[in-house]
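K.L.:
Line by line, the protein sequences are chains A and B.
All residue numbers for the first sequence refer to the working numbering, where the first residue is 1 and numbers rise by one.
All residue numbers for the second sequence refer to the working numbering, where the first residue is 1 and numbers rise by one.
Worth flagging that the hints you see were computed from the coordinates, not collected in a lab.
Among the clues, some could well be false.
Straight line, CA to CA, 25 Å or less: simulated SDA-like cross-link-like pairs of lysine to any residue [said to hold, decoys possible]:
1. B:224 x A:41
2. A:72 x B:278
3. B:278 x B:291
4. A:72 x B:55
5. B:104 x A:97
Owing to the predicted nature of the structure, the values given are computational and were not obtained by experimental measurement.
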Amino acid sequence: MGLKQIELTVNGFSSPFLVQSDEVLLFTLRERLYLTGTKEGCNQGTCGSCTVLLDGKPVLSCMTPTLRCVGKKIITIENISSGDTLHTVQKYLVEKGGLQCGFCTPGVVMTMVPFLEENPNASREEIKEGLSGNLCRCTGYKKIIDAVENAAEEMRS
Amino acid sequence: MDYYHSPSSIKDALSMAGKFSGNYTIFAGGTDIQIYRKQQLDTNEHIIDLSGIDELNSIATKEGILHLGAMTTLDEIISSDEIQLHYPLIAEAAKSVATPVLRKTATIGGNLLVKNRCVFYNQSQAWRNGMGSCLRDVGTICQVTGGKKDCYSRNVSDTAAALIALGAEITLMTPDGITQKPLKDIYLPCGIKFHNLEEHSILTQISVPIKPKKWWYKKLRLRKTLDFTSLTVAATVDINSIARVCLNGVSMSPILVEQTMDTLTQENLTRQARKNCKTVDNDLMPLKYRREMINVFLEEWWDSIEII
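So that you can see chain A by itself, here it is in the shape it has in the complex (with noise of 0.2 Å):
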């Protein structure tokens, strides 16, 4: 596999990279861009860890070729919040203990953000069944889908 070069636009910055053919955009962002707040967990598509934004999409970035993300726009966890302003998701896991270990804590945010746009209204079990791509290993799942449903509360007023 060669190198290409190619141009990506990472949380609203757009930067020339050389990149693999087969690379994955989780590498891209973990290890060219030093984005490290996007985890690697089980890298086969099944933890939710590397969740990120490509297009407002919420896609799994050890599955996304990163050649298929030319052209559009990768919003990742370090761009999630504004400033030191948390968003109302990261917010209230904060609140209510919503995270024990805190490595599944970037995918969960980054799940649940377009999840909550798309479904303002969002009862416990569909919460529930948003986040069943999700693992932690803690199993702190109570305190999780008590902190998106507070959080659904406030986007909702």
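Go by the hints and put chain B onto chain A.
P.N.:
Relative to chain A, chain B alone:
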């Protein structure tokens, strides 16, 4: 040399396929094939990514027949009002695949042509080296059956079961033109070469003619969202009382039992299904349990039909 290709038309994709003959992998959503590449089970040099071909992404109904573009994502299928209203079986099957985030990338075409799976084959290279390769990899015998010369890896497409039960047809584009065939006819009872599509052909569309009078769908798996199916049963009964019961995840290809309800009995159905399933111990669930669950699912379907 460029190894990643993103054609903008089917014609371009076909010409690339011809150019890189035997050394290319087609990406639809890429959610499954990407794992094969990471595990060194797919080592083709060229990737042809179909995600840039807009004409393959569509949901339309013409003259009572539903047409799905092969690159329509499973999430788009689930969200479609038309499909939810008239083809709930397809929506239910799509919803049972993987996770909500993966379904935003995974496509219906990719799911229909998902490669067969086996616990001895779908593993990392280190695992395979340690255990000894099987004949689908670089070995000479089937590890599951302890030496047989056939591959019994399972077809795990949930949407295939649903679409076969609905009598779907597929459209294929080849350099020679367009061909159409029933979906059920493309699958082969072989774990290695699991379909009979020509080398340079691209699945472009799925057409679904039947709006069934009754439908039923159930999927068995160890962990919801994590695991591929251990048994999927999709069943329909049309207005002429023809029952089409399709089982998948238990054999090398989907198993279809098609018979009029007038002559079909539960025993007859179970016997036909069990006879055609070449189920071996190649799943996370025990073999005896999976075989027993075929009876359980078919009994549940039979009971539901009687209630309706």
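K.L.:
All the hints need checking, so say for each whether the structure fits it.
P.N.:
Cross-check of the supplied hints:
| no. | hint | in the structure |
| --- | --- | --- |
| 1 | B:224 x A:41 | holds (19 Å) |
| 2 | A:72 x B:278 | violated (45 Å) |
| 3 | B:278 x B:291 | holds (10 Å) |
| 4 | A:72 x B:55 | holds (19 Å) |
| 5 | B:104 x A:97 | violated (29 Å) |
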